[in-house]
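Chains as they are written, first to last, in the numbering used here: chain A, -7 to 495; chain B, -7 to 495.
Careful, some of the hints might be misleading.
Put simply, identical chains are the same to the list, so a pair is met inside one copy or across any two.
Unchecked claim - Calculated pairs, BS3-like style, for lysine-lysine (alpha carbon to alpha carbon, straight line, at most 30 Å): (1) Lys370 to Lys451; (2) Lys84 to Lys20; (3) Lys91 to Lys280; (4) Lys277 to Lys84; (5) Lys280 to Lys20; (6) Lys(-4) to Lys90; (7) Lys240 to Lys277; (8) Lys84 to Lys240.
Quick caveat, the hints were computed from the structure, so don't treat them as lab data.
Number of protein chains: 2
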Amino acid sequence: MRAKVRLLDLYSGRYAVFLNPKDAEEVKLHPDDLVRLESGKKTVFGSVVISTLVEKGEVGLSRDVFKLHSFSEGETVLVSPTGTPESVRYIKKKMQGKKLRKVEIESIVKDIVDRKLRDIEISSFVTSLEINGLDMDEIAALTIAMAETGDMLDIDRKPIMDVHSIGGVPGNKTNVLVVPIVAAAGLTIPKTSSRAITSAAGTADVVEVLTNVTLELDEIKRIVEKIGGCLVWGGALNLAPADDITIKAERALSVDPRGLMLASIMSKKYAMGSQYVLIDIPTGKGVKVESVDEARSLARDFIELGKRLGQYIEVAITYGGQPIGHTVGPALEAREAMEALITGRGPGSLIEKAVGLAGILLEMGGVASQGMGRRMAKEILESGKAYEKMREIIEEQGGNPDVKPDDIAIGDKTYTFTAPSGGYVTFIDNRAITGIARAAGAPEDKGAGIELYVKVGEKVKEGDPLFTVHAETEARLDHAIVFARRSEPIRIEGMVLQRIGNI
Amino acid sequence: MRAKVRLLDLYSGRYAVFLNPKDAEEVKLHPDDLVRLESGKKTVFGSVVISTLVEKGEVGLSRDVFKLHSFSEGETVLVSPTGTPESVRYIKKKMQGKKLRKVEIESIVKDIVDRKLRDIEISSFVTSLEINGLDMDEIAALTIAMAETGDMLDIDRKPIMDVHSIGGVPGNKTNVLVVPIVAAAGLTIPKTSSRAITSAAGTADVVEVLTNVTLELDEIKRIVEKIGGCLVWGGALNLAPADDITIKAERALSVDPRGLMLASIMSKKYAMGSQYVLIDIPTGKGVKVESVDEARSLARDFIELGKRLGQYIEVAITYGGQPIGHTVGPALEAREAMEALITGRGPGSLIEKAVGLAGILLEMGGVASQGMGRRMAKEILESGKAYEKMREIIEEQGGNPDVKPDDIAIGDKTYTFTAPSGGYVTFIDNRAITGIARAAGAPEDKGAGIELYVKVGEKVKEGDPLFTVHAETEARLDHAIVFARRSEPIRIEGMVLQRIGNI
Chain A
-7 MRAKVRLLDL YSGRYAVFLN PKDAEEVKLH PDDLVRLESG KKTVFGSVVI STLVEKGEVG
53 LSRDVFKLHS FSEGETVLVS PTGTPESVRY IKKKMQGKKL RKVEIESIVK DIVDRKLRDI
113 EISSFVTSLE INGLDMDEIA ALTIAMAETG DMLDIDRKPI MDVHSIGGVP GNKTNVLVVP
173 IVAAAGLTIP KTSSRAITSA AGTADVVEVL TNVTLELDEI KRIVEKIGGC LVWGGALNLA
233 PADDITIKAE RALSVDPRGL MLASIMSKKY AMGSQYVLID IPTGKGVKVE SVDEARSLAR
293 DFIELGKRLG QYIEVAITYG GQPIGHTVGP ALEAREAMEA LITGRGPGSL IEKAVGLAGI
353 LLEMGGVASQ GMGRRMAKEI LESGKAYEKM REIIEEQGGN PDVKPDDIAI GDKTYTFTAP
413 SGGYVTFIDN RAITGIARAA GAPEDKGAGI ELYVKVGEKV KEGDPLFTVH AETEARLDHA
473 IVFARRSEPI RIEGMVLQRI GNI
Chain B
-7 MRAKVRLLDL YSGRYAVFLN PKDAEEVKLH PDDLVRLESG KKTVFGSVVI STLVEKGEVG
53 LSRDVFKLHS FSEGETVLVS PTGTPESVRY IKKKMQGKKL RKVEIESIVK DIVDRKLRDI
113 EISSFVTSLE INGLDMDEIA ALTIAMAETG DMLDIDRKPI MDVHSIGGVP GNKTNVLVVP
173 IVAAAGLTIP KTSSRAITSA AGTADVVEVL TNVTLELDEI KRIVEKIGGC LVWGGALNLA
233 PADDITIKAE RALSVDPRGL MLASIMSKKY AMGSQYVLID IPTGKGVKVE SVDEARSLAR
293 DFIELGKRLG QYIEVAITYG GQPIGHTVGP ALEAREAMEA LITGRGPGSL IEKAVGLAGI
353 LLEMGGVASQ GMGRRMAKEI LESGKAYEKM REIIEEQGGN PDVKPDDIAI GDKTYTFTAP
413 SGGYVTFIDN RAITGIARAA GAPEDKGAGI ELYVKVGEKV KEGDPLFTVH AETEARLDHA
473 IVFARRSEPI RIEGMVLQRI GNI
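Work out the full structure: start from the sequences and follow the hints.
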């Protein structure tokens, strides 16, 4: 049938296509049937909703679909039922434990991006990958297919460096230091980051406190070609869009099949044209990768995958057993990072990690000789050159380069937890720290988070402050206090365990 | 937040909960988040849609949710975000190939019925079952959980018999004869049937030509206690509702995990209180179970499952290599079944199968001695007692008991295919026959279908009629003719295979 497009003001997280009951009956369409909309060169797939909110002869599109595919109100489209997509056969093949061919993987990825596959099929694919896995041929094909179904960046400066931290360790603002150090050394590093999904602050959330992170791809190209680096939000770009779709199923099921994880990370690097990639795998209790053995196995996979993609990859296994630095939460972390850039000094866990990672990149990129990268990175940081580069990044991305740490607004509703007894700090629980910061409102409330006064191994006296919770509202602060009392964020040797809930 | 319920006239195939953007922002809800609605004793789960179609302070519910849970317009409900359901952990456990405990299976089934699990989670469960399977303990637990989360029937007449045919063979109106024969012998058989899903006519579609099949459970109880049998549509009842939900994922993925198939069938029998169940497994090319070995293995599973459920199960492996009788499609099959009941005679494939199955049930139920069931069933059919019982069933269910075969309207747009050459009929393709009947409009168009003039082994001369397609509209007839020309519904020995498309 032909129908006129009508904009419906709704967001449902899926591609909904509203049809009038009379039209639906005529073309024998039922709720949630898959349909194809065609108009000129555009072809979009969606799920039928039957409703009198649209008149006969109209097709209602939700605001997101409408915008994404630039339909215009009143435009005539052809609506037709469509059968089971071909790629469902390949998902079934993976269910049967068989190896998928390159064209089969391409077909699945294309149908995901085209929205021909919906929650049911995507969840089945994710589940099949979790159970039956993918071999390195399949992962390489998946990575390339995911990159090529989205936008690709071609920066006219070589070599292109990149760095990526596997998530999970709270307070990890390290790359806010690494990128300006590496760019200040003359290398090219177009860094895209994610926002927090389950953490209290992603790198994009932290940088957003300082400058704009939502940029178009051609704007990024211009900036990086001019100053050598950027710190932007990858989610604003159409990089490997299949990943943004499959992540929904992975989150709902709390699974993260390794093949999909590797493809998800590397497809974005591939799309950005990265040639030398450093992968940081924080390892320790309460982060994604808990054991060094697991980290090593993952490292081998990254390196092997890099070879297939024509990328040179190195992996740094770092300590992730407690938060990095003393702050957790977007504004608090932005403040700590800026202080480190301005003064060249800061908490050992932050400075050492940043110059360690940056040093490896300087060696990979050939600007430091073997074994000299770390020292060179430290010099760049201490000399203020990294800060200068950070000012350029902030300015080019649309922020105020003169921003000072004290200018950054921190949540002013606070509560400080103190040590119930004296002793050594034996353990800081990453998950509890993240949970408290999120309960306080992070990452949405930029000023929410935690300031930590102690780290593992330090000695405290009874009554010493352990950490302060910052929130933007009293309600959120109360919420975080309740959460903190129920969990055990900091363990002090000799403390009566049963009383920990009362600190 | 508290909000006033507002009815939205839409059907989306899911539980959609519309919130105004302002409310959504306040309670930090995003599109497709899972929310709980509470009002008095009712608790309903649904997926967030953000839209200005509802005002601030309102919650919009789609018509199906509204009706199913009897909300009233303007009623105040409590809307709250809800985290990942507990049962997702058990789905993950099955992904890991572990055996599920009874309580874990109960939790999954309850969350499916409560709509706490949505497409993503249900698809993952189905996929995990397809890959990792279920053992008999798990299948029994699943069956009981599926039955007990729906309505259960308690008929005050024992023993309760039941019969179920595994689908796939076209023209299988057998149970329209079996039920009145068994009930006429004094046994109790509260038969529920499904509508066609992928076939041209389910038993419920066929019986609906003769009488009403959409009855309430207490009405069924009254009828069966009075006359011993019924022929109703199971889909109108709230029997094992989890099955109606999981089937969506199974269909989209075209999988049918055995454990789920067994539980799906037997949960409905269990809910109907059936004690003696005969399972008919048609076997042959183009039906669900193609080999006798597979049928035997399935039969053993049914019998074993019956033991765990306290049911006595027998299995009949029947011939399903070609259509049963001479008709395919609701009205054509209803006519053929009524003719057989009235005259006691009909096509061998129909009569033999019906008295064979009925005979086994008569022996199982103890009214015929061993080896005498078939003869007794035949006598009941030929004596007109089965027809008398059928008249009672038609009348009690609200139809006209005097309906005659010629009263039944058949699609009057017809086209007859003839033999392109003489020879023996060597093969009739079940899938092609079903496809043509569906292309002609079956099962929605009751009068659409196929009349077959030949069966496998019969000799035809060039130009002899092979089959007639019936449709209610010219468009549908054309559609079916095109479909028939493209497929190879009937193969005649000696025919030039390349020309089959032109018959």
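Consistency of the hints with the structure:
1. Lys370 to Lys451: within (29 Å within a copy, 93 Å between copies)
2. Lys84 to Lys20: within (27 Å within a copy, 37 Å between copies)
3. Lys91 to Lys280: Both: 27 Å inside a chain and 26 Å across chains, each within 30 Å.
4. Lys277 to Lys84: between (36 Å within a copy, 22 Å between copies)
5. Lys280 to Lys20: between (48 Å within a copy, 26 Å between copies)
6. Lys(-4) to Lys90: So Lys(-4) and Lys90 fail the 30 Å test inside a copy (44 Å) and across (51 Å) alike.
7. Lys240 to Lys277: For Lys240 and Lys277, only the intra-copy Cα distance (25 Å) is at most 30 Å; the inter-copy one is 40 Å.
8. Lys84 to Lys240: both (20 Å within a copy, 16 Å between copies)
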